[in-house]
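Number of protein chains: 2
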Amino acid sequence: MKLDLEHGVVEMAHGGGGRAMAKLIETIFLGNFDNPLLAQRNDQACFTMQAGRVAMTTDSYVIQPLFFPGGDIGSLAVHGTVNDLAMAGAKPLYLSAGFILEEGLALRDLAQIARSMAAAAREAGVFIVTGDTKVVEKGKGDGVFINTAGIGVIPDGVAPSGERARPGDAILVSGTLGDHGVAVMSKRENLAFEVDILSDAQALNGLVAAMVAEVPDIHVLRDPTRGGLAATLNEIARQAKVGMELDERAIPIKGAVRAACEFLGLDPLNVANEGKLVAICAGDQAPHLLAVMRAHPKGADSAIIGRVIQDADCFVTLKTAFGGTRMVDWLTGEQLPRIC
Amino acid sequence: MKLDLEHGVVEMAHGGGGRAMAKLIETIFLGNFDNPLLAQRNDQACFTMQAGRVAMTTDSYVIQPLFFPGGDIGSLAVHGTVNDLAMAGAKPLYLSAGFILEEGLALRDLAQIARSMAAAAREAGVFIVTGDTKVVEKGKGDGVFINTAGIGVIPDGVAPSGERARPGDAILVSGTLGDHGVAVMSKRENLAFEVDILSDAQALNGLVAAMVAEVPDIHVLRDPTRGGLAATLNEIARQAKVGMELDERAIPIKGAVRAACEFLGLDPLNVANEGKLVAICAGDQAPHLLAVMRAHPKGADSAIIGRVIQDADCFVTLKTAFGGTRMVDWLTGEQLPRIC
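Sequence lines, in order, name chains G and F. Position in the first sequence counted from 1, then plus 437, gives you this note's numbering. Position in the second sequence counted from 1, then plus 437, gives you this note's numbering.
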């Protein structure tokens, strides 16, 4: 009963809790995610933690297509959850991984996704310590959905949180916006642009560690994923009961992404990112924080893009390149469904 | 943009990261799961933990039908993950919840599922502290899939693990077997039996706390879910490199479940349970452990069902009621797909 990784597909039996599932897990997951905690082979992982503050998060990934320029659902599922932990200022430690497989999924694709997850976890310095595999009938899923949950430890004195944005604070981003959404969209729609656009999906925990080491009192950290920068800033403004003023000329967007957005009728501020963060800190600490971010390989294109102001209406506005002002609105839904 | 909880359905916009998603989360999830950590409304929950051993686990739930006699996918998603933590001897603390909703799901059903989750969490004494909501197009999911991950703390001196079963150990179960699988199957197939069969889905952390308080050195704890008792014991036998001998007459099975299994052509030992546990402990501690289990409301039908023996082949065998012996085999797949 060896798995045929070249031509085999996922069958209902692979989710049944019997021999077939054990074989799938051993062949595809345990080998790739290899670590002593996962090797315990119980229905849970057990480890020792020191006293202190802990962050816990979860995300399910339903992106289509499963493989896109610059990543796949496997690497994304690691990067996304690592980043949600990092946005608490935490050092991510352990991830869980839950797979919902659709009957008929090529085992070759599943193995590739598992390899990507393993590589992303290694690069981010986290371990996938426990997991679960379910199979649903063909037509009741979409290839593979992955849930990752994670925990991490938060250094003393670090407590970024959405409601901590204060008038006078500076708003920074760690790099160019819109790359992930446009890369996925171009693949989905089979569009070819002159310049290849790759997803920015990457783990930001190293960048965040460098940031909080120098500026522990960062008020807010958040990654502008679904809904893009616009949704993220509107959420924070509402949580903190403040307004925000952005400077369009300061917002880094790649020329190719800007052109693709114009072509597709998208506003890059609404497009999802998977390897960028927004940081909000006291105005007088912003220049130092910016320097720290720019000095890190994952923050080379960082910029101060605006400031927090007092505003009972919690509006986020943008000074345009032409000297006007417009609202940065929060869309009802998402221009690009299933982007993560 | 108020949600119509009576006639509304899930739309793609509810997964878009924008206003519609915020409204869905506020209306359906935050209200039901209400707790201070979730109310932080960041992409992660932050809390303080004491030094010590921690258990972490995850499970995705894809059960069909979503509502079944004795529970629904919401209560199951809490019970299942609480139980996986309890099987490490841990006191469960915090859960995450990731939802993958299919476009078109009735909001009324989603709200009912959220209420069930909240009630199950309250009863088990755990908090749902962080979550995620995704929406997939109609035909790309199946109503709702839920992932829950959880963490808990393990008391000193407690370390149950599959490989710790030793020849001479006793094998106990905490109650009747097969109730969950038969209840779900009867609903799915629209079967009516003379006696209503309810799922046994329930949280076992209270029972486990009572057990480890009296017998800290329980060697193995595991809940016989997918694949039933047969798969669970075969897994443990393989992990611990031992054999097992069961006594059929000692295994508690309700008459109605036994009759339904005969009718459906199922072996109750292969049928999933969601509110029972297997415990393996030193033979001389078994009578005391049994008494503790029987004294707890969730363990009233507990029984010693067999013993661990030396066997290089790791076979699990059953002395039948008629005096014969048969193998308790581990199925390749599952007789009943999507049972959890």
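Hints are computed from structural coordinates only; laboratory data are not their basis. Honestly, I wouldn't trust all of these hints.
No copy labels: a pair is met if it fits in one copy or bridges any two.
Heads up, simulated SDA-like pairs for lysine to any residue below, C-alpha to C-alpha not over 20 Å straight-line [claimed, not checked]: (1) Lys460 <-> Thr485; (2) Lys577 <-> Ala687; (3) Lys678 <-> Leu727; (4) Lys624 <-> Glu574; (5) Lys460 <-> Pro506; (6) Lys756 <-> Gly541; (7) Lys460 <-> Cys751; (8) Lys439 <-> Leu701; (9) Lys528 <-> Asp721; (10) Lys577 <-> Ala749; (11) Lys691 <-> Asp704; (12) Lys439 <-> Ser623; (13) Lys528 <-> Arg490; (14) Lys439 <-> Ile688; (15) Lys460 <-> Gln676; (16) Lys460 <-> Val446; (17) Lys624 <-> Cys751; (18) Lys678 <-> Ala749; (19) Lys678 <-> Cys751; (20) Lys691 <-> Glu574.
Here is what the structure says about each hint:
1. Lys460 <-> Thr485: neither (29 Å within a copy, 39 Å between copies)
2. Lys577 <-> Ala687: Classified as neither; 45 Å inside a copy, 40 Å across copies.
3. Lys678 <-> Leu727: The answer is neither: 25 Å in one copy and 57 Å across copies each exceed 20 Å.
4. Lys624 <-> Glu574: between (26 Å within a copy, 18 Å between copies)
5. Lys460 <-> Pro506: neither (31 Å within a copy, 33 Å between copies)
6. Lys756 <-> Gly541: neither (51 Å within a copy, 40 Å between copies)
7. Lys460 <-> Cys751: between (54 Å within a copy, 17 Å between copies)
8. Lys439 <-> Leu701: This pair counts as neither: shortest intra-copy Cα distance 46 Å, inter-copy 31 Å.
9. Lys528 <-> Asp721: neither (26 Å within a copy, 45 Å between copies)
10. Lys577 <-> Ala749: For Lys577 and Ala749, neither the intra-copy (46 Å) nor the inter-copy (42 Å) Cα distance is at most 20 Å.
11. Lys691 <-> Asp704: For Lys691 and Asp704, the Cα distance is within 20 Å only inside one copy (13 Å; across copies 62 Å).
12. Lys439 <-> Ser623: For Lys439 and Ser623, the Cα distance exceeds 20 Å both inside one copy (38 Å) and across copies (34 Å).
13. Lys528 <-> Arg490: Answer is both; intra-copy 11 Å and inter-copy 18 Å each pass.
14. Lys439 <-> Ile688: Intra 53 Å, inter 34 Å, cutoff 20 Å: neither.
15. Lys460 <-> Gln676: between (47 Å within a copy, 14 Å between copies)
16. Lys460 <-> Val446: within (13 Å within a copy, 39 Å between copies)
17. Lys624 <-> Cys751: neither (36 Å within a copy, 50 Å between copies)
18. Lys678 <-> Ala749: within (7 Å within a copy, 67 Å between copies)
19. Lys678 <-> Cys751: For Lys678 and Cys751, the Cα distance is within 20 Å only inside one copy (6 Å; across copies 63 Å).
20. Lys691 <-> Glu574: Cα proximity of Lys691 and Glu574: none, with 42 Å in one copy and 31 Å across.
Checked against the numbered hints listed earlier, the structure breaks hints 1, 2, 3, 5, 6, 8, 9, 10, 12, 14, 17 and 20; every other hint is satisfied.
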